[in-house]
Amino acid sequence: MINSDLQALITTLEMAALTTVILLIIGTPLAWYLAKMTSRFKVIIEAVVALPLVLPPTVLGFYLLIAFSPEHLPGQLWQQTTGQQLAFSFSAIVIGSVLYSLPFVVQPLQKAFEQLGDSLLEAGALLGAGPIDRFFSIVLPLTKASFITAASLGFAHTVGEFGVILMIGGNIPGETRVLSIALFDHVEAFDYARAHLLAISLLIGSMVLLAAIYWLNLPKRPQDKARMEQKESLTYE
Amino acid sequence: MINSDLQALITTLEMAALTTVILLIIGTPLAWYLAKMTSRFKVIIEAVVALPLVLPPTVLGFYLLIAFSPEHLPGQLWQQTTGQQLAFSFSAIVIGSVLYSLPFVVQPLQKAFEQLGDSLLEAGALLGAGPIDRFFSIVLPLTKASFITAASLGFAHTVGEFGVILMIGGNIPGETRVLSIALFDHVEAFDYARAHLLAISLLIGSMVLLAAIYWLNLPKRPQDKARMEQKESLTYE
Amino acid sequence: SKAQQLSKGNSKPLRIAVAANFTPVLKILLKDFSKNTGIKTQVISGASGAMFLQIKHGAPYDVFLSADSRRPKELEQADYILKNSRKTYARGQLALYSSSHSMHASEPLSLDLLSSPPARFAIANPDIAPYGKAAKEVLTHLGLWKNYQSRLIKGINIGQTFAQIRSKGVTLGIVSNSQLVLNNLPGVIIPNNYHQPIKQQLVIIRASKNKAAAKKLSQFLLSAKSQATIVSYGYAQTNKAKS
Amino acid sequence: MSSTLHNHAALSEVSIDSPSQLDIKINVNYRQFTLTIQLPIPLKGITGIFGHSASGKSTLLRAIAGLEQTLEGEITLADKKLVDTKQGLYLKPEQRQVGLVFQNSRLFDHLSVLANLEYAVKRCKNNKLSLDEIIKLTELTALLDHRVTELSGGQQQRAALARAILAEPKLLLLDEPLSALDQHSKAQLLKMMLTIQKKLNLPMLYVSHSLDELQQVCDTLIVMSKGKVIDSGNIHQVIHRLNSYGDADIMHQQTSLSLPIKQFDNGHGLTTLALNAKQDIFLLANEDFEQQTLLRCFILASDISISLTEASDSSIVNHICGTIKQISHQRNNVLVTVHCNSQDFFVMISAFSLQKLSLTIKQQVYLQFKAGAVRTFIH
Amino acid sequence: MSSTLHNHAALSEVSIDSPSQLDIKINVNYRQFTLTIQLPIPLKGITGIFGHSASGKSTLLRAIAGLEQTLEGEITLADKKLVDTKQGLYLKPEQRQVGLVFQNSRLFDHLSVLANLEYAVKRCKNNKLSLDEIIKLTELTALLDHRVTELSGGQQQRAALARAILAEPKLLLLDEPLSALDQHSKAQLLKMMLTIQKKLNLPMLYVSHSLDELQQVCDTLIVMSKGKVIDSGNIHQVIHRLNSYGDADIMHQQTSLSLPIKQFDNGHGLTTLALNAKQDIFLLANEDFEQQTLLRCFILASDISISLTEASDSSIVNHICGTIKQISHQRNNVLVTVHCNSQDFFVMISAFSLQKLSLTIKQQVYLQFKAGAVRTFIH
Ligand SMILES: Nc1ncnc2c1ncn2[C@@H]1O[C@H](COP(=O)(O)OP(=O)(O)OP(=O)(O)O)[C@@H](O)[C@H]1O
Ligand SMILES: Nc1ncnc2c1ncn2[C@@H]1O[C@H](COP(=O)(O)OP(=O)(O)OP(=O)(O)O)[C@@H](O)[C@H]1O
Ligand SMILES: [Mg+2]
Ligand SMILES: [Mg+2]
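Chains as they are written, first to last, in our numbering: chain E, 1 to 237; chain V, 1001 to 1237; chain W, 2001 to 2243; chain S, 3001 to 3379; chain B, 4001 to 4379.
Simulated from the structure, these hints should not be mistaken for laboratory data. Just so we're clear, the structure is a prediction, and the values are computed from it rather than from any experiment. Possibly wrong hints are sitting among the right ones.
With the Cβ distance kept under 10 Å, some of the chain E side facing chain V (calculated, not the full set) [as the list claims (entries may be wrong)]:
id	residue
1	62
2	207
3	208
Don't be surprised by glycine CBs; every beta carbon is placed ideally from N, CA and C.
Pulled out of the complex, with its shape left as it was, chain E reads as follows:
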């Protein structure tokens, strides 16, 4: 039994990690594009990206399930390409999570890019740095904190996701049964002791993980700290 929770944990971590990586890969250029574009389509794209927020996850899951089934185009294409059924597979819950968590990654990054301003990018370009180079040497370090926020929001939201994954994943142990579902099952099955235990482990685990992430993001050099403390006393009452 405890074994099955462990399996769910592993599935969860795999799913969340993969989802986060995909989210960053997709979300970064999307956020950049949204931050820099000014056409009137911008608002429409922004709204579409934000949509998963508004739909209840089970409903989103229902529509995704329809789309993923072999009867419909996305599911069909997947099956033709990979030879595997998409619905109720590990891939399905990853894709579902990506769609569901996309706004959590795109929006913080977009705002960070918007706030960044041009002057340092111009300076970089004049030192011969092309757009990709500028991204990694200037944008990324300057918006590191927002990337960490985006990644941790995306990761955490995926770990906590339940409705979508349950609908399109089908609770298959070792493949699509994740921690949040296991936890729900324990509660529903009156197994409160295990539910509490799992919830507390999840809480502590996540806290440690989040704290570690945020700690990594703290300034490191002592004088940085001194400066930040200065800052604080000026700007915070």
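Given chain E, put chains V, W, S and B with the ligands in place with the hints provided.
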């Protein structure tokens, strides 16, 4: 029948609006504090704020339900103060939503505040602006986009919220029955026609709302636009 | 004072918490009930498990129609219900449902299909849903459980299982017969003796301020006419014997 | 205007122990730099701060403004304690009524030029200045609805200066506020600063790398080096002491003077200044002089030549008689200090000329310099 | 070094139609400002850009660098088209190999000083310069591991300059790169820029408000006003034309010269420059002159006096004979142009002296100026 969906819509809007207002009121100082503090407790507070992300909503709802019931301290205090039971009330779903959506408001604001830098705040202080004044005259306009992001993430996430509200609200029409639950009910009741209709209305409504919000946030003056287009062509490939 | 209670009941509708799978049938029945008694009702549909928890934490429901008998029993033991109010109002009937099988297919759908297990097979979660538990018993009875165990798509409740099959993400599974009847879909009824009966029980909540109306509803649902309606919507015959 | 200048010159001489002063006793420590200042600064007129790059000028201003929280010590502004770290007193910048024009202008990006100025006006308590007038003086009229990111470097500095002045602080700190401006705009704005200084009786601390600028507007000069004050006091005296440091790299050696105007126009387009009872100095008349009684001017040491007799057929109009007080060799140059009644003049000649004229101490000589060599930068 | 100066001076004279030039034909339109430039700029040595604040200097540099996308027209850099809006050609800034030192330094906040410099080195293709050497020349050694926010204004400018040079572009644009520096650092860095200019054969466009600076390092000067080029060409010629605009506000009128060194030390600490076959000019010797054959210097018009006879008992060492070519009145001043063989000298005297000496055109006079009046700012 359609009437009941309308009622759910009204409840949803009331809840989401109230929640968003409360989130901004609580979230702004919290985000400011987190952005400016450097003590090692920072990471712990950050992790606590981020926790609602990690717990599956139904599980969070389960624990909130226990806390809000008249048998436990928070519920007891509430009942003593207001004379009303907390669990299954409109107040309960607002409180639940606030807790659940807090990270979506705090994190974007915090990053925006961190990226803001000190130099303009120093300039403001030397023109005689106190901390509150500086906040409204400098910080707020410069981070307006992030406030809009925070508010729309908070609002949308509250509209889409399901698990927590279902658990602590109890799906009582006119009081705690919100759109997401109504939609779920339609799916559960095999009333797919109505589910689709409601989902599509929700989608279109949210898109219009989100688009309106983002549109408000676009630069207005023509020369701003010109500058931004310039920007784009430099920085975006 | 009874009249007073009644009139009070009229101003505040009777709140009925009902397991989602029974909601459509209940709504049909309630039309008659309200016409006959003038009692206004409010239907709150949801998962039995969640409602059970909510009742334990003070949910303002008057009647609870569970999808199982276990939760009503627990509520009874914990003294949350009106004494002797626990009644079986319906018995679940399982059916094999295939969403890929056309209604006009030459070969009719039959339980024989089960002997060659498909890659994926949907049932409700046996650990938490009564229909799931019964579905597991059916497979065990047929000696197929071991074969199926690794192929199962487990829904959170029978509603989700039905949705999963209907969306054709998975094409075969065991659902509630009433779902097929309500949606006018073909399926194969699974004999009731393949599993323990799925007793769906109702209870009247002790904290209810509307007990008189609640009792009336209980009586109404257990009446022969209502029971016949329930059966016509795909539930099994109730033995005259009480739970 | 003349009276202002007069007052300042007069007051700055006695202000060292007047009560209205800025008292600084502070320490600021950075990794590789320590600022240690113990100095009373008179709150009269404009006080210049001069020094090499990285000598700590900006750090000093930031400390006074309340932006250096790491400092230790005391700062008292006109009897009001701003900081006393021993007693745990630390006034916030917004409570100090100290204005600061930063080295980089720090305008608010999100506001137009006008809104930037109004930001200051709204938070100003007395409003003695008229917004329109300052806008006109800083030549910002055409730019009011521009975003600040659209301004040229010089325009940004003018807007920042206008904004700081409009806040009407009790003390205005200026960190190279005119570095991005051309000669002409610089002169205009310095004039404006003098007018406003007088109008509001607003003391200013003015950091600049240009001694010319400082000489023209400051009453007191503070010279900093490596985080310390190495000289301070009356501007003319400090400049004359700087002459002898022999470091021609940091400044042009010069004679710095404030002299009463005796006659605005001698009929030949020259203004006459009274050097002393017997001797006059002539310079090119400028209509701005008309309203003044005292003129601040300087004569570069390299602009003065020494002659043993009084030449008559040259275009040179100033011929002053004096005795050599000191001769100091600096590379191939010689700095000769010539005493004319009570005033020292500094003359830079080549070692070659020294030899040729065989000048010695106590010898009587004629100083010659052109009317154009008596420089005023702003009037 | 001497040969550099010599070459530049020589080449800049003929470079107008040499193929290696920067060809600019552009229009940039803002709401209240239009930049219209049609100009070939020789890619030799350092070209100065001089003009009032807001005359469009920064806009021109930004256009060349590729940061003004709203521009129309063509820019060709040494036969390579950078922009041709008619043909839809627009090279990105990073493809132009053009460096720019911004008016505000724009260092990368997230990197240390060293990492800022390395940023440029990593992206540089030829690496002819040694990082260590540039660090030493810009005196950044002690600051390498500082964050750029900890630097003083002058330190930031030095770091920005070092970074831009280390990128070794094909053309370096400098927008008031030394405005926050003191006299001494300024001279040091200008010297460095000349050395590097020669070493890399790297042409530079140099924007400054200080004509002194420009006179010392530029071969060609461009004068801008209100978005247009109002004069351009050989630096000495442009400066002499500027003298006659009569706008003493923008500059000190002066005679600008590049003269061969005849004798480094005449035995009396004076260096002799050959003005022409018959006449010499003396100035104070400086050890830096020793390595040079040609010296760039200027003499302020106010530093020269006119005498009808050659004085002998004065400390003044330069006495040049010439004839008056032009007399122009400017307020109470008179600008007298005196022709001495092939060289014009500009002399500012008072109207009073003009009258007293009753000077007329074609009259023969003696110009007198001190050795110290022959100014070199960097050597
Ligand atoms: N926050 C800081 N941390 C470390 N060192 C600092 C910090 N701020 C300033 N310094 C150092 O203190 C010294 C003085 O700096 P300051 O800015 O006061 O110089 P400045 O006199 O204004 O020079 P400039 O004329 O170049 O602006 C410099 O060496 C600088 O590197
Ligand atoms: N993006 C812009 N939008 C509108 N006007 C602009 C913009 N950029 C510059 N200008 C205007 O163009 C003119 C020239 O600006 P520019 O920065 O080129 O001047 P400059 O010669 O560099 O001046 P300074 O010496 O003060 O830096 C100014 O009047 C400025 O307000
Ligand atoms: Mg400074
Ligand atoms: Mg400029």
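Here's how the hints hold up against the structure:
no.	hint	result
1	62	holds, 6 Å
2	207	holds, 5 Å
3	208	holds, 8 Å
Consistency note: the structure conflicts with none of the earlier hints.
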